[in-house]
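Chains as they are written, first to last, in our numbering: chain B, 1 to 554; chain A, 1001 to 1248; chain L, 2001 to 2361.
Don't read these hints as lab results, they were simulated from the structure.
Only a predicted model underlies this, so the values are computations on that prediction, with no experimental measurement involved.
We put the beta carbon where it would ideally sit given N, CA and C, even for glycine.
Honestly, I wouldn't trust all of these hints.
Simulated pairs of lysine-lysine, DSS-like, Cα-Cα distance not exceeding 30 angstroms [to be verified]:
hint	chain 1	residue 1	chain 2	residue 2
1	B	Lys-246	L	Lys-2125
2	B	Lys-29	B	Lys-19
3	A	Lys-1112	B	Lys-246
4	B	Lys-29	B	Lys-121
5	L	Lys-2187	L	Lys-2216
6	A	Lys-1140	A	Lys-1112
7	L	Lys-2332	L	Lys-2125
8	B	Lys-246	A	Lys-1163
9	B	Lys-432	B	Lys-498
10	L	Lys-2217	L	Lys-2332
11	A	Lys-1133	B	Lys-246
12	L	Lys-2217	L	Lys-2187
13	L	Lys-2125	L	Lys-2187
14	L	Lys-2216	L	Lys-2120
15	B	Lys-121	A	Lys-1140
16	B	Lys-19	B	Lys-501
17	L	Lys-2187	B	Lys-246
18	L	Lys-2125	L	Lys-2216
So the derived label-pair ranges between C-beta atoms look like this [to be verified]:
hint	chain 1	residue 1	chain 2	residue 2	range
19	B	Gln-11	A	Leu-1049	38 to 44 angstroms
20	L	Asp-2136	A	Gly-1057	52 to 58 angstroms
21	B	Leu-237	A	Val-1053	52 to 58 angstroms
22	L	Ala-2081	B	Thr-70	52 to 58 angstroms
23	B	Val-299	L	Val-2093	54 to 60 angstroms
Stretch-level coverage of chain L by chain A, calculated; a stretch enters the list once three of its residues show a Cβ under 8 angstroms from a Cβ in chain A [what the hints assert, rightly or not]:
hint	segment
24	2196 to 2202
25	2275 to 2288
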Amino acid sequence: MSATIVSLPDQATATLPRKSFLNQEYGLKSWLLTGDHKRIAILYLVSITFFFVIGGILAGLIRLELLTPTADLMATDTYNKVFSMHGIIMVFLFLVPSVPATIGNFLIPLMVGARDLAFPKINLLSWYLYVAGGLVILGAMILGGVDTGWTFTTPLSTHYLNTHVVTAAMGIFLAGFSSIFTGLNFIVTIHRMRCPGMTWFRLPLFAWGHYATSIIMILGTPVLAITLVLVALEATLNIGVFDPTKGGDPLLFQHLFWFYSHPAVYIMILPGMAVISEVISTFSRKRVFGYTAVAFSSVAIAVFGFFVWEHHMFIMGVSQYSALVFSLLTMLVAVPSAIKIFNWSATLYQGSITFETPMLYAFGFLGLFTIGGLTGIFLATLGMDVHLTETYFIVAHFHFVMVGGMLMAYLAGVHFWWPKMTGRMYPEGISKVSAIVTFIGFIVTFFPQFLLGYLGMPRRYAAYPADFQVLNVFSTAGASILGIGYLLPMLYLPWSLKYGKIAGDNPWQATGLEWQIQSPPLTENFVEIPIMDHEAYDYEWLANKIEHEVQTVG
Amino acid sequence: MDSQTIATAPEEQLPGGVGRHEHPSFLRHHFETVGQQREAASFGMWVFLLTEVMFFGGMFCAYLIFRNWYHPAFVAGSNTLDITLGTTNTAVLICSSFTMAMAVFSAEMRRKGALMLFLVLTIFLGLVFLGIKGVEWHQKYVDHHIPGMGFSIQEFVHPTNPKAVALAPDMAEKTQIYFSLYFLMTGMHALHMVIGVSLLFFLLWRASRGAYTEGHIMPIENFGLYWHFVDIIWIFLFPLLYLISRYQ
Amino acid sequence: MSHISPVLWEFLVNWLKHFAIFPPEASTIAPYADALYFALIGMTITGLILVGCMVLFFSIRYSKTRHPEAVQIEGSTLLEATWTLIPLGIFLVFFVWGALLYFRIYNPPPNSMNIYVVGKQWMWKVEHPGGQHEIDTLHIPAGVPIQVTLISQDVFHSFSIPAFRVKREAIPGRYTTVYFEATTPGKYHLFCTQYCGTDHSGMGGWVYVLPRDQYKKWAAGNTSGASLAQNGERLFAVMGCNACHAGNSQARGPNLYGLYNSRIRMTDGSTMIANEAYLREKILNPSLHVPAGYVPIMPTYQGQISEDGLIDLVEYIKSLDSNYRLTQMMNKSELDSAQPAPIGGANQGAGAAPLPGVPKP
């Protein structure tokens, strides 16, 4: 009995489909002026990878500097710019758009049975806004950098720095609108463009996850926009809203900023969770355990996520009673995530499990997100947060959830849908190695940072007391391993475009609507709009279908 | 949240697939029916307006907090605004919403001339609003009430208006916050008006080509939503900025 | 914590300190914080083992070669309820525990010794009421509750002493406070943990916890000659405050004697407590909260007095309150009556009094 579910067409005779979205139109203009959600997804994929590489290089510089206790690799001012740019690029230009703008854009119409998103032109506009925002932020970096930290704390960012704060803020403002339009598109598409028979509870959980994410995108991001406008005005015109000597309040900025930035972290994890649902289901050959619970948990996280922002401010002199309320609410928001982890684990029960690369990344997600999420409880616990906040414990916590969680899920998704997007398989052997290397590198890099945090090592330190050096060296060593884990896909995935095996329609024998059409899909997605007559993850329907048809390729 | 299917009744179903162009020219290919397209566009505009609410919401939040803390300063600042101009502007915007609604009606009734007339009237009223706003802002400039441009607290410490309460200097300094918020909120509102008027010119041009009087009223309808929203924002701004414990 | 034997606890603490993954426990709440930390770690490990075992076990037992046919299971409301309510319950336990610890950290006992800290780019200016001034260092006596009142002169900073497990933001424009009671004499790191610009990593120093008699000696040898209150009294005269706050019946301003910590009725009917924050706010924004019976004629001193000056004035006004003077005197006499430490510095972990917070069997 084979240990894999991969079912490829006969490679001796297989060819890519004659017509697909990749070749139905040629030329630069057909790409840069496209309305096709699949092409826009590819545009995003390329630009997001570009910014990820820059952010990754900055991360490498950070870890190199932290090998030694003194600020010897670069001046402290430079280090401050490096970690600020790393944060800004990774949060706003990589994590926020990663899964929604690439995989979500590509798949949501396919999954709901539509020919495109509701507003293709707005989709293209959102990509241009993303690129514009990214270029403005890069411009700020090239012009000399920003050293506010990604959190732009006032009054430091408004009155005490002469770096390109306003430029960077405006770049983020533009990228934020990209996010808003993506979310708007998803919401309208999921509400109004489902094919006949596609009820809400027949949608794949991937769609539910993106629906929840989109709610946050449209409600939260505008508040960031106005906050950045206020920072820009305060910095240039000195309007005084954040300046205590003029009657303003620096804590007002904190509230406004975190009102977006906390839900933003859920923008940065829900799509990843959406991918994990699909991957675990496919590689266990089973419907996700507790479909309804997982669907509602996604929406619950999105809603509750708006009620917890003050937990970033527990030591900032807020009223102790408000701190109580927000600590309690934070405990509540942790519960739906726990529910999901248990549901995914239970999906494995009585399944038929294979260990292709997407599944390996998914397992990595389960372990690392569990640790990252539970360390969030440490921080939600008021008395504990006093000691742990603003230390490396926080850095470790958010890297566990964002990198160990979201980035692993992103890689799982890219690998899982790579055959659908390109028509070719990635090389399984090296990709498995890459997944394992990433997992090991990640743990070696970030686990010591929990210990550093409890020891008291503060964040954003270019130089630190010598007693912290050993753990920092471990962390940097891990980072070099992690770097290899991220470099390998950037090599073998492009390689596979030319040399990968032909994938066929449904190499994973998966149930989604997207797997019932050719790989890569036609520009118009479906020859005829499908009629959804079965539940999501209906493997019996799939078995029936395979029995009754002859699969052809090309 | 409808759990029904989306496809409409069979008689509206167009011949399936791509390449058969037996459908109105304005139906985009990714939509199955005109009804679906109209509903999607309308829903999309409502969601966009929701994002605008959140955008303005941040400003309103800051305003409420500072008004609570520095009430006397806000009273004093508010009373230096010209109530006549403010009320006129409110009336102008409400009339423009009416003309916009009439424009939508004309489009539905397929009356091109009426549609163009009402769009022109809406543009005119919008420009009147912006003009009056400009006059008000200029007035504030002359009065030295623009923070950062020679702001003076004289008027508040030694008021010329006999009904005004003199403020202590430190409270008078807080009027800067009031005026910063005033310019920020009305400025952001005016920016949305400018965008709206620009779009109106575009719609007027398209309307002159008959684009909206052949049954495809969607853009006019959705723009109308946007215009009404901008009007409603002003209806909140007006009392919050102009009517704080107004002297009689 | 009563079920962990003190011997085991000491062993655990020493082992962890030896391996440098654990800061020293040097304050009364440090053991409480560490206990909470261990409990949280326990929960995390349990959760991780639970999930890890499920994933590991299921993926081996139900791998395709062993289990070729998947069984479709919709779900189980009972299981959903279980794994919703049990984690919720556990999280709520930590919520309560953490809240109690939080209140303990930020609510000083009434007889605490007061120290002011002004943060600025990129140093901590420490001001003891007796007139001792330090930069980037803090000398405190062991076994005495200390309340630190913080403020920043420019941007956000954060005052952190990991060995005490306390931290508090220093914010421009308002006072924040934190409280601790050091138990073990020694030298401990002091950090700024809120990113504040170029020299953020250099904005730190040391906290020296001294046995009481050594602290007394230090305090006597390091005073600048005038206590904060005396400085404040001088400023009070120089800035002309006594013109209105003369303390007699014709005075235009309220009498400041006995004002500190009293409850004042405002013109709008509300009441406020005249604490440090109130006093500072009155000097900078006098017309914000006007006491009943007075008109807002007090001029503002915004921009004319530094944060240090404001602290001096606040201390002076506090010293006009007999209750405050009494507490300060009592604190001082407690220090004076401390027994001299045994020679050889064998004070580690022992101290003159039993350490509060160490569990009794």
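Going through the hints against the structure:
1. B:Lys-246 with L:Lys-2125: Holds, because 24 angstroms separates the two Cα atoms, which is no more than 30 angstroms.
2. B:Lys-29 with B:Lys-19: Holds. Lys-29 of chain B to Lys-19 of chain B sits at ~19 angstroms (cutoff 30 angstroms).
3. A:Lys-1112 with B:Lys-246: Violated: Lys-1112 of chain A and Lys-246 of chain B sit about 55 angstroms apart, past 30 angstroms.
4. B:Lys-29 with B:Lys-121: Holds, at about 14 angstroms.
5. L:Lys-2187 with L:Lys-2216: It holds: about 17 angstroms lies between the C-alpha atoms, which stays within 30 angstroms.
6. A:Lys-1140 with A:Lys-1112: violated (42 angstroms)
7. L:Lys-2332 with L:Lys-2125: holds (22 angstroms)
8. B:Lys-246 with A:Lys-1163: Measuring from Cα to Cα gives roughly 26 angstroms; hence the hint holds.
9. B:Lys-432 with B:Lys-498: Measuring from Cα to Cα gives roughly 20 angstroms; hence the hint holds.
10. L:Lys-2217 with L:Lys-2332: The hint holds at about 12 angstroms.
11. A:Lys-1133 with B:Lys-246: holds (27 angstroms)
12. L:Lys-2217 with L:Lys-2187: holds (17 angstroms)
13. L:Lys-2125 with L:Lys-2187: holds (18 angstroms)
14. L:Lys-2216 with L:Lys-2120: The hint holds at about 28 angstroms.
15. B:Lys-121 with A:Lys-1140: violated (42 angstroms)
16. B:Lys-19 with B:Lys-501: holds (18 angstroms)
17. L:Lys-2187 with B:Lys-246: It is violated: about 40 angstroms lies between the C-alpha atoms, which goes past 30 angstroms.
18. L:Lys-2125 with L:Lys-2216: Since the Cα atoms of Lys-2125 of chain L and Lys-2216 of chain L sit roughly 20 angstroms apart, the hinted pair holds (cutoff 30 angstroms).
19. B:Gln-11 with A:Leu-1049: 38 to 44 angstroms: violated (53 angstroms)
20. L:Asp-2136 with A:Gly-1057: 52 to 58 angstroms: violated (43 angstroms)
21. B:Leu-237 with A:Val-1053: 52 to 58 angstroms: violated (26 angstroms)
22. L:Ala-2081 with B:Thr-70: 52 to 58 angstroms: holds (55 angstroms)
23. B:Val-299 with L:Val-2093: 54 to 60 angstroms: This hint is violated: roughly 27 angstroms between Cβ atoms.
24. 2196 to 2202: violated (count 0)
25. 2275 to 2288: holds (count 5)
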